[in-house]
Amino acid sequence: MISLTYLALIAALIPLVSILAETILRGLSAMSFSFFIEEIPPLGEPGGGIGPAIQGTLIVVALASSIGVPIGVFSGIYLAEFGQARMASVARFLNDVLTNVPSIVLGIFGWTLVVVAIGWSIIAGAIALAIMMIPIVTRTTEEAIRLVPATMREAAIALGVPKWKTTLTVVLSSAKKGIATGILLSVARISGETAPLLLTILGSRFWFSGFTQPTAALPVAVFNFSQSPFRLVDWPRAWGASLILILIILAINIIVRYATREKYGATNI
Amino acid sequence: MRTREKHPKFLSKLRSISKGKLSGDSVFKIFVTLIACNVFIVLGLMFFQIIQNSWLSIQTYGVGFLVGKIWQPFPPNSSSLPSFGALPLIWGTLVTSAIALALGVPVSLGISLALSEFAPKRFSYVISFFVELLAAIPSVIYGLWGIFVLIPFLQVNVYPYLQASLGFLPIFQGTIRGPSVLTGGIVLAIMIIPTVSAISRDVFAAVPNSQREAIMALGATRWEKAKTVMSYGRSGVIGAIMLGLGRAMGETMAITMVIGNSFNMFSSFLEPGSTLASIIANEFTEASSPPVYISALMEVGLILLALAIVVNGIARLIIWRSTRKVREVGLI
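Each protein sequence line maps, in turn, to chains A and B. Start counting the first sequence at 17; every next residue gets the next number (this note's numbering). Start counting the second sequence at 6; every next residue gets the next number (this note's numbering).
Honestly, the hints are just simulated from the structure, not real lab data. Since this is a predicted model, take the numbers as computed values, not measurements. All C-beta atoms, glycine included, are put in the ideal place defined by N, C-alpha and C. Any given hint could be a false lead.
To be verified - Rough simulated footprint, nothing fancy, chain B against chain A, three-plus residues with beta-carbon under 8 Å: (1) 33-43; (2) 48-55; (3) 89-103; (4) 162-171.
Said to hold, decoys possible - Simulated coverage check for chain A against chain B, where a stretch passes if three residues somewhere in it have a Cβ under 8 Å from a Cβ of chain B: (5) 139-153; (6) 209-217.
Generate the whole structure from the sequences, applying the supplied hints.
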């Protein structure tokens, strides 16, 4: 029986190895210097690259983070510092509910809020991704702040530092590692999301042309290329874009995990 | 008079604001409280917007939307109304999620038992890192791998044998196509493994050692010890399974890319199908007219949102209650 459980381990690791290996092998064949910097050609035309997709992903993720991180961090501070109030428990619960909203529904929401008003645009995509990001950052910030030992707070208060200043200086700087982890993991998460972007930024072939214009993005480009009937030309591009995307995400994940190594808690006899 | 007695602190704060004597602490508290209200605003606005946008469809089709089986935005006879029915979508969502659970839960439980009970600690730390790496892979890349790697593999190496051996069952009949409900279920199963196994591992880790020691004292084998741990953490595991279910139901891109996107009440798993999420992903950007088309897609989104919230809510309730029970009954 025990060997069956190890078999389950292998069963789970096989797809992981396959996905990574296939992405690397098939993606490398599409890579070249021009792949990174040239414009996206129409479906079926050879040449070109996915430069606009990389640029679009960077812009939309940066924009989403600039909205999502401050709101998330301060919400997390509220839940950690004033967490006993009843409103805080409700807010915490609703926060968890938000993390479980399907990503396509967030895309629909971004569409109803922004696209209906100003059309397919980066701003709509950034807002949809920010809404996805805020609950994650809130929760990780709250947990990071709770880990700060009470002695630190007490020492600051004993020196006469007002509570708000204690939180913003002493507590935040002790918790900054955990908060940064949460932020980085949520950035990695939203850079790979396709569904919210599909319904908000629509995707395009061209370089960034304004915040109220549709843009390209890596996950959307992967999806569009994969649906193209021109297999020889477009399918390798899909793999190339996936490789870039997965390298970014894995790099962030591995850095975070390495920086936060801790004892694993399972007990054993 | 009565209000002043019931809310002394709030009113005195208002009074001090009006007198200009505002301390840094109260400014800070008001500021972070307001920002934390974003969650109320976002959720409320989301429900309001989606319900408002799907109202046209709800009014036009009523309950028939949930049991209708036709999806015809552009009826052949231009004078008749378009008809929309979501039953095949609900069926597709439920079946793919069920397949994902049937395949993914045993594997996840095996992994969490192996890592929490049987494996040496350093090994389990490294392996759990890799299992969680499965969660970091974006769903569109799962879809890409599904189309170009998994489907050819299944079509050649698995489905023919499946049909040859179990073809008498109606769920494995029909022409073997790559993109199908079963393929979607398999991809979803892989995607829920990190979620279910991570939470199950936490549940098993929360089982007090006294339970393990007790059963070992009675002469149990390692497997029997694991069974004890599993039964102690039973409700937490159920919660983990339900969270995996919620994740499977909400999954969009990977399932859209491998399920074949055909709108039918399939009876065989080897047929293509559609889910609530996949039809939105496929048709939303093209659905400009008639207005009831987009409204119908909104209603599909509403059904999906409601399903996801209910399932995840129940899951969290179960997990919360099971870990609370462990904490209370505790370390004897």
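| task | Kindly indicate which numbered hints from before are broken by the structure, ordering the numbers from low to high. | result | 2 and 4
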